[in-house]
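As given, the protein sequences belong to chains X and L, one line each in that order.
When we follow this note's numbering, the leftmost residue of the first sequence carries the number 1, and every step to the right adds one.
When we follow this note's numbering, the leftmost residue of the second sequence carries the number 1, and every step to the right adds one.
There may be inaccurate statements among the hints.
Only pairs whose alpha carbons sit at most 20 angstroms apart, straight line, appear in this in silico SDA-like list of lysine to any residue [unchecked claim]:
#, chain 1, residue 1, chain 2, residue 2
1, X, LYS91, X, ARG60
2, X, LYS252, X, THR46
3, X, LYS273, L, THR242
4, X, LYS273, L, LEU251
5, X, LYS278, L, ARG232
6, X, LYS273, L, TYR240
7, L, LYS38, L, TRP258
8, X, LYS273, L, ILE254
9, X, LYS273, L, MET243
10, L, LYS28, L, HIS216
11, X, LYS278, L, SER409
12, X, LYS35, L, TYR42
13, L, LYS229, L, LEU411
14, X, LYS278, L, MET243
15, X, LYS273, L, LEU246
16, X, LYS273, L, ASP309
17, X, LYS278, L, LYS38
18, X, LYS252, L, PRO239
19, X, LYS252, L, TRP258
20, L, LYS38, L, ASP227
21, X, LYS252, X, GLU190
22, X, LYS192, X, ALA215
23, L, LYS335, L, PRO403
24, L, LYS346, L, LEU402
25, X, LYS252, L, PRO35
26, X, LYS252, L, PHE348
27, X, LYS35, X, THR176
28, X, LYS278, L, THR242
29, L, LYS335, L, LYS376
30, X, LYS252, L, ALA48
31, X, LYS252, L, ASP265
32, X, LYS273, L, ALA48
33, X, LYS278, L, LEU411
34, L, LYS376, L, LEU393
35, X, LYS278, L, GLY89
36, X, LYS35, L, ASP265
37, X, LYS278, L, PRO239
38, L, LYS335, L, VAL354
39, L, LYS38, X, GLU281
In short, the hints are calculated from the structure, not lab data.
Quick caveat, the model's predicted, so the values are computed rather than measured.
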Amino acid sequence: MFNTKTIIAALAMVAASALAAPAAQAAGEAPHIEKQDWSFAGIFGTYDENQLQRGFQIFREVCSSCHGARLIAFRNLAEPGGPGFSEAQIKALAAEYEIADSTAEGGVRPGVPADRWPSPFATEQDARDANGGALPPDFSVLAKARGVTDAFPWWLTNYFTGYSEGGPDYIHALLTGYHDEAPEGFDLPEGKSYNDVFPGHAIGMAPPLMDEMIAYTPGEDGVEVPMTVDQYSKDVSAYMMWMAEPGLVARKETGFRVLLFLFLFAGLMWATKRRIWKGIEH
Amino acid sequence: MSEHSTYTPGSGVEKWLDERLPIIRFSKEHLMDFPTPKNLNYWWTFGAILAFMLVVQIITGVVLAMHYTPNVALAFDSVEHIRRDVNGGRIIQATHAVGASMFFAAVYIHIFRGMYFGSYKAPREILWILGVLIFVLMMATAFMGYVLPWGQMSGWAATVITNIFAAIPVVGTPLLELLRGGFSVGNPTLNRFFSLHYLLPFVIAAVVVLHIWALHVPGNNNPTGVDVKSSRDTVPFHPYYTMKDLFGIVLFLIPFAWFVFFAPDILGHPDNYIPFNPQVTPAHIVPEWYFLPFYAILRAIDFNILFIDSKLGGVIFFGGSILILFFLPWLDTSKVRSGTFRPMFKWFYWLFVVNFVALTYLGAAPAEGIYVVLAKITTFYYFAHFLIILPLLSRLETPRPLPTSISESVLGKAHS
Chain X
1 MFNTKTIIAA
11 LAMVAASALA
21 APAAQAAGEA
31 PHIEKQDWSF
41 AGIFGTYDEN
51 QLQRGFQIFR
61 EVCSSCHGAR
71 LIAFRNLAEP
81 GGPGFSEAQI
91 KALAAEYEIA
101 DSTAEGGVRP
111 GVPADRWPSP
121 FATEQDARDA
131 NGGALPPDFS
141 VLAKARGVTD
151 AFPWWLTNYF
161 TGYSEGGPDY
171 IHALLTGYHD
181 EAPEGFDLPE
191 GKSYNDVFPG
201 HAIGMAPPLM
211 DEMIAYTPGE
221 DGVEVPMTVD
231 QYSKDVSAYM
241 MWMAEPGLVA
251 RKETGFRVLL
261 FLFLFAGLMW
271 ATKRRIWKGI
281 EH
Chain L
1 MSEHSTYTPG
11 SGVEKWLDER
21 LPIIRFSKEH
31 LMDFPTPKNL
41 NYWWTFGAIL
51 AFMLVVQIIT
61 GVVLAMHYTP
71 NVALAFDSVE
81 HIRRDVNGGR
91 IIQATHAVGA
101 SMFFAAVYIH
111 IFRGMYFGSY
121 KAPREILWIL
131 GVLIFVLMMA
141 TAFMGYVLPW
151 GQMSGWAATV
161 ITNIFAAIPV
171 VGTPLLELLR
181 GGFSVGNPTL
191 NRFFSLHYLL
201 PFVIAAVVVL
211 HIWALHVPGN
221 NNPTGVDVKS
231 SRDTVPFHPY
241 YTMKDLFGIV
251 LFLIPFAWFV
261 FFAPDILGHP
271 DNYIPFNPQV
281 TPAHIVPEWY
291 FLPFYAILRA
301 IDFNILFIDS
311 KLGGVIFFGG
321 SILILFFLPW
331 LDTSKVRSGT
341 FRPMFKWFYW
351 LFVVNFVALT
361 YLGAAPAEGI
371 YVVLAKITTF
381 YYFAHFLIIL
391 PLLSRLETPR
401 PLPTSISESV
411 LGKAHS
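With the rest of the complex left out, here is chain L (with noise of 0.2 angstroms):
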């Protein structure tokens, strides 16, 4: 890694430092000589976006939570005391909230863009797993963050949910208690929530650090997937890429603050702002739009699978759903990246793309009717996608030729 190194100490200071703690010259190799491909396009600026979404996140959050209470007698008040009563506290509140919101969407481009383009293919196999890893700590975050305001779809997500867990066999309902704090959701639910979504975003601070370095291991992936042969195919990260990414990161502000300031709300559930009575199911349970891909997989089991009943096969699925995304890079065998070079899969991961937002539809419908079977027809092909899709496609598709080096592609865009 230190091969890229310009770095000379200036000074005696400097040097003096650089001795004991190489801080300047690890920030100069990895923050701004870092050779980066020079043809990345802008869907690799949500890498960036999604640094500062968490950084947007930790902050608000941690002006938050010096206001609220957790405790299911104050906590819905106190959220409305922030919106009312602190300074700027209605912009915090919602920034968080829809910063949630943002986060996802900006993480899903991401995923999408890395499946797209094979960012996950050897020898990127680690820096995908520690995404995904990354995604499922999000989603643990998001739903406990979601629950603290203690509204109808707060409690009731929280009941939902945490009944997941009883379904798995023998330790279930203990692990439903523990997650609980109790046979029901209440006081003890709110607080070890409270505490957990305060210490979830720095575990995954300290994953995304591991997922930069072993992104800096073998460098970024590119849109040829065509490896760097040679410093005629990269430029250093600074100032080339730290001013795309922050010309992105700017771009990506327009819609968030369109929601923030124009329409907070709008991305939430109204009976969010009725208080959680346990008493009252609310009419419909729907979860945050982010989740819903994976609440249709969990809902479309409804039937039993030989000796596992529907319950515990919906869990099955729906963890299955999140879990077959660590294996991806062995289950698409195809030695070409890009998608660009292969016909066939680009349809495919099209399919895919399209699957996945009705799945996302079918997860806020109700479940009745037409909905049901689509449901189940879509689940099925999200894992057919994966398991007999992607496998075939390695064996039966021919690539297109590669260019033979990024500089090569580039120049044959320049001049076509």
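Same shape as in the complex, but just chain X (with noise of 0.2 angstroms):
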């Protein structure tokens, strides 16, 4: 039925159409990030509660002083496959939000679960004026938005292992890639800093985060997360993940079904396709 001259076909096959997109990037100077072990890698991949939880604070309390998230809605925080949050601590939060609305009296009204992110500049312009002319970009679907290049050939593998978290990755590697000084001959701009993976190293962003900077409550066994940059880092990336793809827990246990259903189901065919074609030399 299947020859090795089919199956060496079919394998080239595949690696002809894998050969794609990531040659694009291959070229140009990719600074090397380093891969960071998720938990929501891989088939059986989950968001870590615990870790969305501190990336959440590290947002809350760093980041979304400058970067907004507009697709976010305050009810996404308890929704299942999320920092699992609960309703009544949601409503909380939202509540300690002012929301702009026409329709409420005075044009602010207390924050509701299903309240959107609300953004930290009412405007762009705002925004550029408020951060020496760089905008910040909004974390909604940043973390899908960035990636990692491989060099040739390594990315063919990410097809096989569905290699999907570049973007934390880089987030991460961007993170931790802050230096005191720039290297010796390079024109850094007035206000800017250096940075090892960040696209022409002279990024708008200082470094946001310091060791010790955030105070991590100790979980109920006694257990301390380190209170890193590198941590902090992870953690504020795995966050941003979770806001672009606030699916994929579901998504994933879906898609285990679903393939070991089409195995199953591909035997009994293979088995129904043989019962038939019995008898018939072809």
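Both chains are sitting in their own frames, so use the hints and assemble them into the complex.
This is the structure:
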């Protein structure tokens, strides 16, 4: 039925069709980005609730003073597969924020879970004015708008491992890739910082994280999470991935069942097909 | 076509219907009794896989259109709304986006299968031409669909591709403005692309009907390329090929589902998660993988040819690389259909495949250094295959002896 030639040809086809997108950036100077061990990678990957809660804490206390998340509603934070806050916590959290609402008395009202995360700046121009001309990007899908480029031929394996964590890997590398001083001979413009992985190296955002900057509450089991830039970066990257892909856990769970079904179904179809073709020389 | 019919209306109602609209007779003849060579291999299941993919794309697309907003201010967020808030939206959207890639993977296999086994040769020239027409329509549809999420790659793909038309003398600029609905890519562009993206799949479906009609006149080609001689060479389409094709479809669904559920964005470009900004050009503008070979050809012509400037030259070669497929039946004049019995053709066929893969790779590579040289060589070879190698092979090559019939070749295989 399937002779060796057919199988080899099929594999060649797969390889050929995969020979595509990542070649694009292969040539440009691509800084090495260390891949991290994410809980949400792979077929069985799920978000770590504690990590998402820590990441949310960093987002709220640090990032959100400049970066928006316009597609995220407060209610999302209580939805399954996310940080796992309770309804009551979300209600209380939303109420801490003032939401601009032209139909409310005075133009503002306290937030409710259905409201979107309020943007730190009213307009893009306001945001630029407050940040030396640079626009802090919105976080809603940012973790999927960044990626890591592997050298040929290693990116071919990504299609088989389903590597989709290039965004968090990049964000983690960016947040840990700051240098106090630019290297010798690099002309760093006024008001910029030097970063290893940012394209062009001169980034408008000053190093946002420092060791011991955010106080993590130890868990009930007494385990303390290190309060380092590295750990903060991992946590906030994971949280950003959740914002970009909030349905990841449900998607993978469904996918596992779908694949299992397809393999079994293909087996049955194969048996039926053989039975029907029995006795036909072909 | 009706000589295969074994249909006799079973009841009074069926008889009444048969005399007025013989739809049951037609279905029985073409979907069940149709005599099909019994030696078709699994490469032949891609016809059914493609029909299935067209249906998948239309169904998921119709649902997406219920939630999508074709407006430059809202399009990007409406696609995110589908992913986040619509029930099952992430799966439907991912199926449609990954589906486009799977559709093209299948169509390339289908085309290359036809090329190897000489399925374009008489009496199947019209069948082949209709197939190429479907391929062109698919490219137009996929391109316009890619613009709809209105990310950076969407907007810049629209800019670059519509720009191609501006190179055409005299009508170029009016055509460009007609396509864009203005001087630059904007809301009118998005609106007309959405409208056409919804229309073209149904045009494809209509051409598919013609394609299958043209298939059912001479019947299927087969791996030996030898004509069907007697009913011993064939089996009825149902249940033999309905079952085999369904099994092929289920197998095809496995990598499809893998991408949809475990890496829905891996075949796309991260930049398309950044909303389109006409003021900011991405570092590399790369089309989707299935356009890369032709994109490489477009870019390879970076020099003037006599009075034709490089831009128009690129467009001529780009268009020519697809148009040349229409003439394939008359460029390859060998009387032997199947590559299996053509010792020299076989080597050049695989060389052509390797060259095509190389073009794919070069389409994504930056236009600098060695890549530019390689792109020119592979572009030259692409055309040389059709214009020089195939016509010459037909004269120089001595084909191996053909089996006298499909049955003979099948029995030979079983006993060797």
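We went through each hint and held it up to the structure:
1. X:LYS91 / X:ARG60: holds, 16 angstroms
2. X:LYS252 / X:THR46: Roughly 8 angstroms separates the two Cα atoms, so the pair holds.
3. X:LYS273 / L:THR242: Given pair LYS273 (chain X), THR242 (chain L) holds - Cα atoms ~9 angstroms apart, limit 20 angstroms.
4. X:LYS273 / L:LEU251: Cα-Cα ~13 angstroms, so holds.
5. X:LYS278 / L:ARG232: With a Cα-Cα distance of about 16 angstroms, the restraint between LYS278 (chain X) and ARG232 (chain L) holds, given a limit of 20 angstroms.
6. X:LYS273 / L:TYR240: At roughly 8 angstroms apart (the allowed maximum being 20 angstroms), TYR240 (chain L) and LYS273 (chain X) satisfy the hint.
7. L:LYS38 / L:TRP258: violated, 32 angstroms
8. X:LYS273 / L:ILE254: holds, 18 angstroms
9. X:LYS273 / L:MET243: holds, 6 angstroms
10. L:LYS28 / L:HIS216: At roughly 13 angstroms apart (the allowed maximum being 20 angstroms), HIS216 (chain L) and LYS28 (chain L) satisfy the hint.
11. X:LYS278 / L:SER409: holds, 18 angstroms
12. X:LYS35 / L:TYR42: Violated, at about 39 angstroms.
13. L:LYS229 / L:LEU411: It holds: about 15 angstroms lies between the C-alpha atoms, which stays within 20 angstroms.
14. X:LYS278 / L:MET243: holds, 13 angstroms
15. X:LYS273 / L:LEU246: holds, 9 angstroms
16. X:LYS273 / L:ASP309: violated, 57 angstroms
17. X:LYS278 / L:LYS38: holds, 12 angstroms
18. X:LYS252 / L:PRO239: Roughly 35 angstroms separates the two Cα atoms, so the pair is violated.
19. X:LYS252 / L:TRP258: Given that 20 angstroms is the threshold and the Cα spacing comes to 10 angstroms, the pair holds.
20. L:LYS38 / L:ASP227: It holds: about 12 angstroms lies between the C-alpha atoms, which stays within 20 angstroms.
21. X:LYS252 / X:GLU190: Given that 20 angstroms is the threshold and the Cα spacing comes to 46 angstroms, the pair is violated.
22. X:LYS192 / X:ALA215: violated, 28 angstroms
23. L:LYS335 / L:PRO403: holds, 14 angstroms
24. L:LYS346 / L:LEU402: holds, 15 angstroms
25. X:LYS252 / L:PRO35: violated, 43 angstroms
26. X:LYS252 / L:PHE348: Given that 20 angstroms is the threshold and the Cα spacing comes to 43 angstroms, the pair is violated.
27. X:LYS35 / X:THR176: Holds. LYS35 (chain X) to THR176 (chain X) sits at ~13 angstroms (cutoff 20 angstroms).
28. X:LYS278 / L:THR242: holds, 15 angstroms
29. L:LYS335 / L:LYS376: violated, 32 angstroms
30. X:LYS252 / L:ALA48: violated, 28 angstroms
31. X:LYS252 / L:ASP265: holds, 14 angstroms
32. X:LYS273 / L:ALA48: Status holds; Cα separation ~16 angstroms.
33. X:LYS278 / L:LEU411: holds, 15 angstroms
34. L:LYS376 / L:LEU393: violated, 23 angstroms
35. X:LYS278 / L:GLY89: violated, 43 angstroms
36. X:LYS35 / L:ASP265: Holds. LYS35 (chain X) to ASP265 (chain L) sits at ~18 angstroms (cutoff 20 angstroms).
37. X:LYS278 / L:PRO239: holds, 12 angstroms
38. L:LYS335 / L:VAL354: violated, 25 angstroms
39. L:LYS38 / X:GLU281: holds, 8 angstroms
Checked against the numbered hints listed earlier, the structure breaks hints 7, 12, 16, 18, 21, 22, 25, 26, 29, 30, 34, 35 and 38; every other hint is satisfied.
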